[in-house]
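Once you've looked at the hints, dock chain B against the given chain A.
Protein chains: 2
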Amino acid sequence: MILTVTLNPALDVTYWVDRLALRSATKVRRVRARAGGKGVNVARVAAAVHGPGTVCVTGLAGGSRGEAIREAIAALGVREEFEVIAGESRQTIAIVEENPQPTELREPGPTVTPREWDGFTRRFRVLAKEASVVVLSGSLPPGTPPDAYATLVRAAHEVRSSVIVDTSGPALWDACTAAPDIVKPNEAELPGVDTVVMSSQESVLAAARLLRDHGAGAVIASLGRAGSVAVTADGALRVSHPRVDGNPVGAGDALVAGLALALASGQPLGPAALARASGLAMASVAGSGEVDPAEAERLADMVRTRWIGDGQ
Amino acid sequence: MILTVTLNPALDVTYWVDRLALRSATKVRRVRARAGGKGVNVARVAAAVHGPGTVCVTGLAGGSRGEAIREAIAALGVREEFEVIAGESRQTIAIVEENPQPTELREPGPTVTPREWDGFTRRFRVLAKEASVVVLSGSLPPGTPPDAYATLVRAAHEVRSSVIVDTSGPALWDACTAAPDIVKPNEAELPGVDTVVMSSQESVLAAARLLRDHGAGAVIASLGRAGSVAVTADGALRVSHPRVDGNPVGAGDALVAGLALALASGQPLGPAALARASGLAMASVAGSGEVDPAEAERLADMVRTRWIGDGQ
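Respectively, the protein sequence lines represent chains A and B.
The opening residue of the first sequence carries number 1 in this note's numbering; numbering runs sequentially from there.
The opening residue of the second sequence carries number 1 in this note's numbering; numbering runs sequentially from there.
Be aware that a few hints might be false.
No copy labels: a pair is met if it fits in one copy or bridges any two.
The calculated lysine to aspartate or glutamate pairs, modelled on DMTMM-like cross-linking and capped at a C-alpha distance of 25 Å, are [stated by the list, open to error]: (1) LYS129 to GLU81; (2) LYS27 to GLU202; (3) LYS27 to GLU98; (4) LYS27 to GLU189; (5) LYS27 to GLU97; (6) LYS27 to GLU107; (7) LYS27 to GLU104; (8) LYS129 to GLU80; (9) LYS27 to GLU187; (10) LYS129 to GLU98; (11) LYS27 to ASP147; (12) LYS129 to GLU107; (13) LYS129 to ASP301; (14) LYS27 to GLU130.
To be clear, the hints were calculated from the coordinates, so they are not data collected in a lab.
One chain only, chain A, in its complex shape (with noise of 0.2 Å):
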């Protein structure tokens, strides 16, 4: 016989997460509790190699936990022999997270001088003259002024381009005042929605309706693997699609890539151009970054749309 001792033994709960998020709630995808501590571990593989019945594990375990320690152990085929004691064994939490964000460092960006802004601005009149839909993307560096997007809105819509916006905070906020054709906030960017509890359709609506208000012509709220929510002229849209595993930085790039091909082939924002930029946002996830157009048209497929509400 094998006799193994783990004085200090443990309850094991394992949870499977699909990410910790530190300082906010993390859905538990999937929990097991078996009992641990290093000698029940070591009997556990004697017994796998031995066969049941050579293997004892004694220690020391008590309480509700101690108890299911014991009947797991015993539950293995291995002998039990614990001294039962008053206290409460341990239990260990270990969070398993199957899909983790990447841990990102981002630089503020150079400063501009406003003599670079002014040879900018002249540079970017030039081109969305060429330019069917233009794209406005990101931060600004230091230095910009802070309604420079409101500035290109209106040097596009002056060149009859279309013009997209995909940026957060004031940046936002401002670019909107300029009538932009479409602004794609994220959750986190949609204002006064308060991403730490979850997000009501409600919230998204209000909140989507507001950016509308303010100026933009459509606004599609994307909302990760919950997709996203609509709301132009003709109506509130949402948009829902089956779960994709892979890297989901740049899908929010992607679904503006799919706007920005509907708007230059003049196709409505309806459910067939939501339903391909979607298909285009879930391909980037499975490709963690790169986008396959033939898969791209498969998972357009999957997508649904539904009419949810008006435009107002």
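Just chain B now, kept in the frame of chain A:
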């Protein structure tokens, strides 16, 4: 043409690591640098769908990173029209953990009364008589005497059982004074090895010899992916094996199970026994803590051992 504007583009650098070690050194397995920023991402996807030459990227880019960003965009078949500025464009660093260790929360365990400890040691003496091998594993719960393991080692030897001790810190050091047959520290548990820097084979050997000098019959120092170093009366053996993907939690316990099975069958702690024990540890990694004995035998054939010195 679709024109995307990225005022604050970035050189997106991604590091793939096994696991990010906070306040310690981490080895980077793979590096990728590519042009980033939301508008650049939009252009990449739009160009993948629409074809080269249909998408143009503008914005502000400067310095050597700006240069790298512009070159990378041109290489995508996307027209690049950045306004060059004096400041240095930013980079983002994304750290992707390929094999994240679970986040664990461990309780200290229940407090044990002297009476409970006496009850246990009586039970232990009875059980040890039946055992050919006793394995003492893990931490001591609060309330147990500091020489708990030394006491149990002596009690087991009195009834002619072999003893393996797998613990750390003062409990390991104290257990050695009672001359256990085997101790199995891991790298972090070896006395005097600084784990912030990669410990050399020499420092592992020196620490293992220190534990033998202190009374341990044999020392098997497990080094995770790097295999193990065994120091016995017959000499010092380096045990190495190919990389196995999976969950390393419990692999050390599987190694101990293999050592116990070797002692139980009277096998000497030479290359064959160590290869078999390592095969169990590798199978535990592959099975995320569950060992398939047939798989363990297959993996044991891939273990290499070589003598690297004597036992002193």
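Exercise for the section: Indicate which option fits the pair LYS129, ASP301 if close means a Cα-Cα distance not exceeding 25 Å: within, between, both or neither. Expected result: Cα proximity of LYS129 and ASP301: none, with 35 Å in one copy and 69 Å across.
Practice task
State whether the alpha carbon distance between LYS129 and GLU80 is at most 25 Å within one copy, between copies, both, or neither.
Solution key: between (80 Å within a copy, 16 Å between copies)
Exercise for the section: Measure nothing new, just compare the shortest in-copy and cross-copy C-alpha distances for LYS27 and GLU97 to 25 Å and report within, between, both or neither. Expected result: Both: 11 Å inside a copy, 20 Å across copies.
Handout entry: Identical-chain pair category, LYS129 with GLU107, by Cα at 25 Å
Key = neither (32 Å within a copy, 66 Å between copies)
Problem - Alpha-carbon proximity context of LYS27 and GLU107, limit 25 Å - result: between (30 Å within a copy, 23 Å between copies)
Problem - Alpha-carbon proximity context of LYS27 and GLU187, limit 25 Å - result: within (17 Å within a copy, 35 Å between copies)
Handout entry: Intra- versus inter-copy proximity for GLU81 and LYS129 (alpha-carbon distance at most 25 Å)
Key = Classified as between; 14 Å across copies, 83 Å inside a copy.
Practice task
Pop the pair LYS27 and GLU189 into one bin, within, between, both or neither, using alpha-carbon distances up to 25 Å.
Solution key: This pair counts as within: shortest intra-copy Cα distance 21 Å, inter-copy 35 Å.
Exercise for the section: Tell me, please, which holds for LYS27 and GLU104 at an alpha-carbon limit of 25 Å: within, between, both or neither? Expected result: Result: close both inside a copy and across copies, 22 Å intra and 17 Å inter.
Exercise for the section: Please work out whether the CA atoms of LYS129 and GLU98 approach to 25 Å or closer within one copy, between two copies, in both situations, or in neither? Expected result: Intra 47 Å, inter 45 Å, cutoff 25 Å: neither.
Problem - Intra- versus inter-subunit Cα pairing at 25 Å for LYS27 with ASP147 - result: neither (39 Å within a copy, 43 Å between copies)
Problem - 25 Å Cα threshold - placement of GLU98 relative to LYS27 - result: Both, since 12 Å and 21 Å are each at most 25 Å.
Hints 10, 11, 12, 13, 14 from the list above are not met by this structure, while the remaining hints are.
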